[in-house]
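Line by line, the protein sequences are chains A and B.
Numbering follows my numbering, with no gaps: position 266 of the first sequence is 266.
Whatever position you read off the second sequence (first residue = 1), add 491 for my numbering.
What the hints contain is simulated information worked out from the structure, not anything from laboratory work.
Every residue, glycine too, gets a C-beta built ideally from N, C-alpha and C.
Hints should not be assumed to be uniformly reliable.
[Stated by the list, open to error] Short derived list, chain A residues pointing at chain B, Cβ under 8 Å: (1) 213; (2) 265; (3) 267; (4) 362; (5) 487; (6) 490.
[Stated by the list, open to error] Capping the alpha-carbon separation at 30 Å, the derived lysine-lysine pairs in DSS-like fashion look like this: (7) 505/B to 419/A; (8) 528/B to 505/B; (9) 561/B to 419/A.
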Amino acid sequence: MSQRPQALPESADEIARAVSAGQALAADVLERSLQRIAALDGRVKAFVEVFHDAARHSAQALDAARAGGAELGPLAGVPVAIKDNFVMRDQRTSCGSAILEGFVSPYTASAVERLVSAGAIIVGRTNMDEFAMGSSTEHSCHGPTHNPFDLQRIPGGSSGGSAAAVAARMVPLALGSDTGGSVRQPAALCGVSGLKPTYGRISRFGLVAFASSLDTVSPFACDATDLALCLRVLAGVDTRDATSINAPVPDYLAADAPGIEGLRIGVPTEYFADGLDPEVEARTREALAILEIQGATLVELAMPHTRFAIPTYYLIATAEASSNLARYDGIRYGRRAEHPADDLNEMYTATRHEGFGAEVQRRILLGSFCLRQGYVEEWYQKAQKVRTLIRRDFDAAFSQVDLIASATSPGAAFSLGEKLDDPLAMYMNDILTTPANLAGVPGLSIPCGFTDEDLPVGLQLMGQALDEATLLRTAAVFQEATDYHRREPVL
Amino acid sequence: MAEIEIRELAELAKLARLRQATSGSKRTSEEVAGLLKSFAMLQDVNTEGVEPSAYPMTIAARLRPDEPTKPLPQDQVLRNAPRQRAGCFLVPRVIEG
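Bound-form chain A, shown alone (with noise of 0.2 Å):
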């Protein structure tokens, strides 16, 4: 019987320092985590590729610098996992999705050149949901990942193979995206902690676009220490991302940052309403008081418009999709299925129906029907103008608190298969995570307990724009008085 690779018990910021400090080589870093990947992924198959030669001469390379005196990043030797909706130079990209079959990027992402900067290895890439579209992990050309606290369940999704990686100790950091709550609830689901920045916080530059007024690159790791080390990696204005916000990237765990007393912590009524599972809601209750006696004062808020975020997040969200996915013609790059030799709209229709999954034919159907000329102004115009009342919902709940917190799945990890047959019941997993994004606001994920079957359990917070420095503050308060974050899954 093989040996089990240890997991690696060091966090980002500790092989980091380790390795700058000449105290561990990268290369030795990057075997275990290798080890790890080799011995679990056959279960958990949260990789679609591991990068093996490219990551060993990235270590190997990094070595060598150190040995030479050079002075190292502040993400020395870590391996890190990319999403598959990341391009990278000479890498292929699929998106969870037979269209692209084949393609082979001829650039990098922004935030994957960040990372790479700062000394991150880059050891491989994810599964995901196809084109982001979907909260299990189900919907991919490659079929579905494991939830490693339980192998029969999901993982969450859309990022759940960068969830997966991170929650069986594979990798210390992992990139995620996330348009509705594609990186808050696998987060959740998987016992890691996941970071939703604000829009524009960090460059879109590389990544696949899903809906491009609501995809946020964000990252996962272990804790929210590693998380702001992260975040301030990656955050800055990019000139290639237009939308990308230029404002000052701080320290986000100083260390002379106060601590929460006195912090207001909103409890919106609406986030605790029928569909919640009692054991999350006793769970994310256990978790405020704990926040409370750290000294945050609790209070409760009204944010009315919260039931409408579904179908505002889902008619913006498709009719978006819509619009960026109409590129994936067969023509430039992927795959063009056969097709009668003089007929260009059947070739467009063969490729799209052979390389297409079902639910990005719905979403895109979906996406269409509210942009058709007729019902733009009922159906997609009218979302937007209720993504208004829901963003003025968020300024009214940041004139009297500095954070709102909620459950951030309603549910556990359900079943694989469970929910497949049923897209709204699917949809409804990201009740509690689509407002931040029409908001453009930030919101975190931390493991905030397990339920009776042991299965994880998630606290969301939100923050107000750019203020990832309290978010991660509180998390961090929260993750000094618990351990939550600490427990790996036996696998």
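Given the structure of chain A, go ahead and fit chain B onto it with the hints provided.
Relative to the frame of chain A, chain B by itself:
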């Protein structure tokens, strides 16, 4: 709200270059009609005088200087093309005759 016709969605699928002739596609139209029925709750929200939000932030668009930048080399652009010839993407005949 007008009743959403499955037939109308099937026509729309054609415009979106999605196959509509199979039983699976018919189910897609039915599912989308069901979703729209559920999402129709938005029609009851009073949005009189409310401006639409195209983006979550209200900051002004930040533009870069209008200076030409180097595009990707032609061979790299064509590298991913399913079919190409003579430095061009190869497509079925578009113009009759």
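- Hints breached by this structure: Hints 2, 3, 5, 6, 9 not satisfied by this model.
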